[in-house]
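Participant: As a plain string of letters, each chain reads:
There are 2 protein chains.
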Amino acid sequence: MVQKRASTIVEVARRSRVSVSSVSRVLSGHPDVSQRMRERVLKASAALEYDPHSIARSLRTGVTHTVGFLVGGISNPVFAEIIKGASDVAHANGYAVMMTNSEGDSAIDAAQLTLLVQRRVDGVIVSTTDEESEIFALDRLEDRIPLVVLDRYLPPDSSVSAVYADHAHGVADATTHLLDNGHRAIALITGSRALRPANERLLGFLRAHEAFRVTPRPDLICMGNLQPEFGRKAASKLLEAASPPTAIIAGGNRLLVGVLESLQARGLRVGDDIALVSCDDVDLNRLYIPPISAVVRDTHRMGQVAMELLLKTLREPTAPSQSITIPTHFVQRRSSELKIDIRPQRGLAQPQI
Amino acid sequence: MVQKRASTIVEVARRSRVSVSSVSRVLSGHPDVSQRMRERVLKASAALEYDPHSIARSLRTGVTHTVGFLVGGISNPVFAEIIKGASDVAHANGYAVMMTNSEGDSAIDAAQLTLLVQRRVDGVIVSTTDEESEIFALDRLEDRIPLVVLDRYLPPDSSVSAVYADHAHGVADATTHLLDNGHRAIALITGSRALRPANERLLGFLRAHEAFRVTPRPDLICMGNLQPEFGRKAASKLLEAASPPTAIIAGGNRLLVGVLESLQARGLRVGDDIALVSCDDVDLNRLYIPPISAVVRDTHRMGQVAMELLLKTLREPTAPSQSITIPTHFVQRRSSELKIDIRPQRGLAQPQI
Numbered sequence: 001m002v003q004k005r006a007s008t009i010v011e012v013a014r015r016s017r018v019s020v021s022s023v024s025r026v027l028s029g030h031p032d033v034s035q036r037m038r039e040r041v042l043k044a045s046a047a048l049e050y051d052p053h054s055i056a057r058s059l060r061t062g063v064t065h066t067v068g069f070l071v072g073g074i075s076n077p078v079f080a081e082i083i084k085g086a087s088d089v090a091h092a093n094g095y096a097v098m099m100t101n102s103e104g105d106s107a108i109d110a111a112q113l114t115l116l117v118q119r120r121v122d123g124v125i126v127s128t129t130d131e132e133s134e135i136f137a138l139d140r141l142e143d144r145i146p147l148v149v150l151d152r153y154l155p156p157d158s159s160v161s162a163v164y165a166d167h168a169h170g171v172a173d174a175t176t177h178l179l180d181n182g183h184r185a186i187a188l189i190t191g192s193r194a195l196r197p198a199n200e201r202l203l204g205f206l207r208a209h210e211a212f213r214v215t216p217r218p219d220l221i222c223m224g225n226l227q228p229e230f231g232r233k234a235a236s237k238l239l240e241a242a243s244p245p246t247a248i249i250a251g252g253n254r255l256l257v258g259v260l261e262s263l264q265a266r267g268l269r270v271g272d273d274i275a276l277v278s279c280d281d282v283d284l285n286r287l288y289i290p291p292i293s294a295v296v297r298d299t300h301r302m303g304q305v306a307m308e309l310l311l312k313t314l315r316e317p318t319a320p321s322q323s324i325t326i327p328t329h330f331v332q333r334r335s336s337e338l339k340i341d342i343r344p345q346r347g348l349a350q351p352q353i
Numbered sequence: 354m355v356q357k358r359a360s361t362i363v364e365v366a367r368r369s370r371v372s373v374s375s376v377s378r379v380l381s382g383h384p385d386v387s388q389r390m391r392e393r394v395l396k397a398s399a400a401l402e403y404d405p406h407s408i409a410r411s412l413r414t415g416v417t418h419t420v421g422f423l424v425g426g427i428s429n430p431v432f433a434e435i436i437k438g439a440s441d442v443a444h445a446n447g448y449a450v451m452m453t454n455s456e457g458d459s460a461i462d463a464a465q466l467t468l469l470v471q472r473r474v475d476g477v478i479v480s481t482t483d484e485e486s487e488i489f490a491l492d493r494l495e496d497r498i499p500l501v502v503l504d505r506y507l508p509p510d511s512s513v514s515a516v517y518a519d520h521a522h523g524v525a526d527a528t529t530h531l532l533d534n535g536h537r538a539i540a541l542i543t544g545s546r547a548l549r550p551a552n553e554r555l556l557g558f559l560r561a562h563e564a565f566r567v568t569p570r571p572d573l574i575c576m577g578n579l580q581p582e583f584g585r586k587a588a589s590k591l592l593e594a595a596s597p598p599t600a601i602i603a604g605g606n607r608l609l610v611g612v613l614e615s616l617q618a619r620g621l622r623v624g625d626d627i628a629l630v631s632c633d634d635v636d637l638n639r640l641y642i643p644p645i646s647a648v649v650r651d652t653h654r655m656g657q658v659a660m661e662l663l664l665k666t667l668r669e670p671t672a673p674s675q676s677i678t679i680p681t682h683f684v685q686r687r688s689s690e691l692k693i694d695i696r697p698q699r700g701l702a703q704p705q706i
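Residue numbers (our numbering), protein chains in the order written: chain D, 1 to 353; chain Y, 354 to 706.
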């Protein structure tokens, strides 16, 4: 369907440099409008071929030009960038974005999705709290409303489009860097295996060990959830063990907060006493002293691609679903420069051969 | 429009294997309900797409049990806490929350408010980008929909309720602490005077100087906006000046990001080479080495109070508007311990008298 995108009232307001409500008053024939303003608005709306009856039309056609965004946990700073990326694409295409936040409560996930459908959005970008609620919710909704899922596993027969991040690749590079520096006791703290980002991070971690022919210590793999409190508990347990790790990968930017709390409480210096790697390009990683190495992804791009996929589905409802994977890469900073001399360990091991 | 028959409360009760009155209690947000029952009922009602506040009824009563939250800039981490506070109160009262983000674009502010009204929310919590857009929007909307404004100045004749933070008090305490430590060249970097939080921070800064009978240096007061980029530019200009400050107050948690970038680029050590104070209880302040002193407010409480005021307005539309101020307090940490010996300055000054 080739159709020029309809202009919005916001564009008319911007072009005529008056408020949206002034545009509305002019176009509805409100008497209390200056001649000058009236001329400016009419000029702008003519230039933009603005149709004030598009809202009425949207009620008739069932199209609202509004999309929903279900945010799994707004405390995660990467959501701001994802939302901005998605909103940029939405606004450029004349769509508005409404968000709901479930903040780690999967019962709320489901209720919020239902709410968005009732509010008559044209489609929804979904980033749910955990696997279970997502599959459960999709199960009910994917036939009724166009969905794009952000970085979550989908059932094999799903017809939903998705945007993934290639966490495994970046975490494998980070792990290889630590193994190169002589670390043989590397801990991974991340979310549950049911959660795609966490499981992919584990796969990258294992893959790098395998390539090095190093068997990872199972006691150093801590999978729970992505919250700071789990990071703090897992790190504390690791650091208090008889054989603590020489390096930690915090597989989630919120987990890092708890890991740092645990390290600071013990007076351990990042980069000197222990090597540390985290995830995402967040302020805390960049500005910490020393700066913290991280597996980063282009979150703004993730939001853009998710919205592009959703708008494509709206334009071509019968087109097959699509999944797009956004790369990650390892950004090396001072927190992971610590080298471990592995020769003494060989020395100890040799007599036993 | 062909529409599926709406599910009934009896079907939800049957599916969740609880009584009708239990379903009713869960869905009305009654506190005396077990977590397990709550989950079962919410799951069943989501599966059946049961809506206790169904569109049919909402059309009849005009009540949607949904409130809007207009977020001025979702990149600010304090919004997550404010939203959580507001959502907690909303959910406990059987209301859902829909958010829109304007991210610093006041034209979008206005469009988003209009959108929320069109989506037929019962009321809106507003935290706009800047003064101009806020007053403009309120002007049009306050007669049409109940509003609560977060920490923005209102026109004198406004009938809108508001939640304020007492920024002046906390910043005055922070400034006094720096003056006590001998600082006489204290810089304040904050947003525009038109923005309430920024102007209140300036007032606290000036008040503390006045109480000390110290005249603040006008060249050290930098008011622009609350974004990291302004923080970086303002700090860089201050630090390159002939007479740089010995202490900086970053009047806004996003500004701190830019201030730290500027300090780090010059190799200046926080707390040793310069005293630093920021705002809000954010990860970066708590976990930085050294930890950064901050003027903090209970942001979760701000969200709760805002939602309580909004729900009160919905219940009693004729009740007079109300404004509630949330206190701030100064949390002293190592970043501001640097003391300046003021005796040599007196020594220099005396011959001129």
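Careful: at least some of the hints might be erroneous.
So the derived label-pair ranges between C-beta atoms look like this [as the list claims (entries may be wrong)]:
hint	chain 1	residue 1	chain 2	residue 2	range
1	D	Phe-212	Y	Asp-626	37 to 45 Å
2	D	Gln-322	Y	Ala-595	58 to 66 Å
3	D	Pro-244	Y	Val-567	49 to 57 Å
4	Y	Lys-665	D	Val-33	33 to 41 Å
5	Y	Asp-385	D	Pro-155	35 to 43 Å
6	D	Pro-155	Y	Ser-377	42 to 50 Å
7	Y	Ser-512	D	Arg-36	52 to 60 Å
8	D	Gly-267	Y	Arg-570	52 to 60 Å
9	D	Glu-39	Y	Arg-622	56 to 64 Å
10	Y	Leu-667	D	Leu-42	55 to 63 Å
11	Y	Asp-533	D	Lys-233	35 to 43 Å
12	D	Ala-242	Y	Glu-690	55 to 63 Å
Footprint (simulated), chain Y over chain D, 3 or more residues, beta carbon under 8 Å [stated by the list, open to error]:
hint	segment
13	187-193
14	206-220
15	283-289
16	315-327
Simulated from the structure, these hints should not be mistaken for laboratory data. Beta carbons: idealized from backbone N, C-alpha and C, even for Gly.
Participant: Next step is simple, just say for each hint if it's right about the structure.
Facilitator: Outcome of the hint check:
no. : hint                                 : in the structure
1   : D/Phe-212 with Y/Asp-626: 37 to 45 Å : 43 Å, holds
2   : D/Gln-322 with Y/Ala-595: 58 to 66 Å : 59 Å, holds
3   : D/Pro-244 with Y/Val-567: 49 to 57 Å : 51 Å, holds
4   : Y/Lys-665 with D/Val-33: 33 to 41 Å  : 36 Å, holds
5   : Y/Asp-385 with D/Pro-155: 35 to 43 Å : 37 Å, holds
6   : D/Pro-155 with Y/Ser-377: 42 to 50 Å : 33 Å, violated
7   : Y/Ser-512 with D/Arg-36: 52 to 60 Å  : 30 Å, violated
8   : D/Gly-267 with Y/Arg-570: 52 to 60 Å : 39 Å, violated
9   : D/Glu-39 with Y/Arg-622: 56 to 64 Å  : 60 Å, holds
10  : Y/Leu-667 with D/Leu-42: 55 to 63 Å  : 38 Å, violated
11  : Y/Asp-533 with D/Lys-233: 35 to 43 Å : 39 Å, holds
12  : D/Ala-242 with Y/Glu-690: 55 to 63 Å : 38 Å, violated
13  : 187-193                              : violated (count 0)
14  : 206-220                              : violated (count 0)
15  : 283-289                              : holds (count 5)
16  : 315-327                              : violated (count 0)
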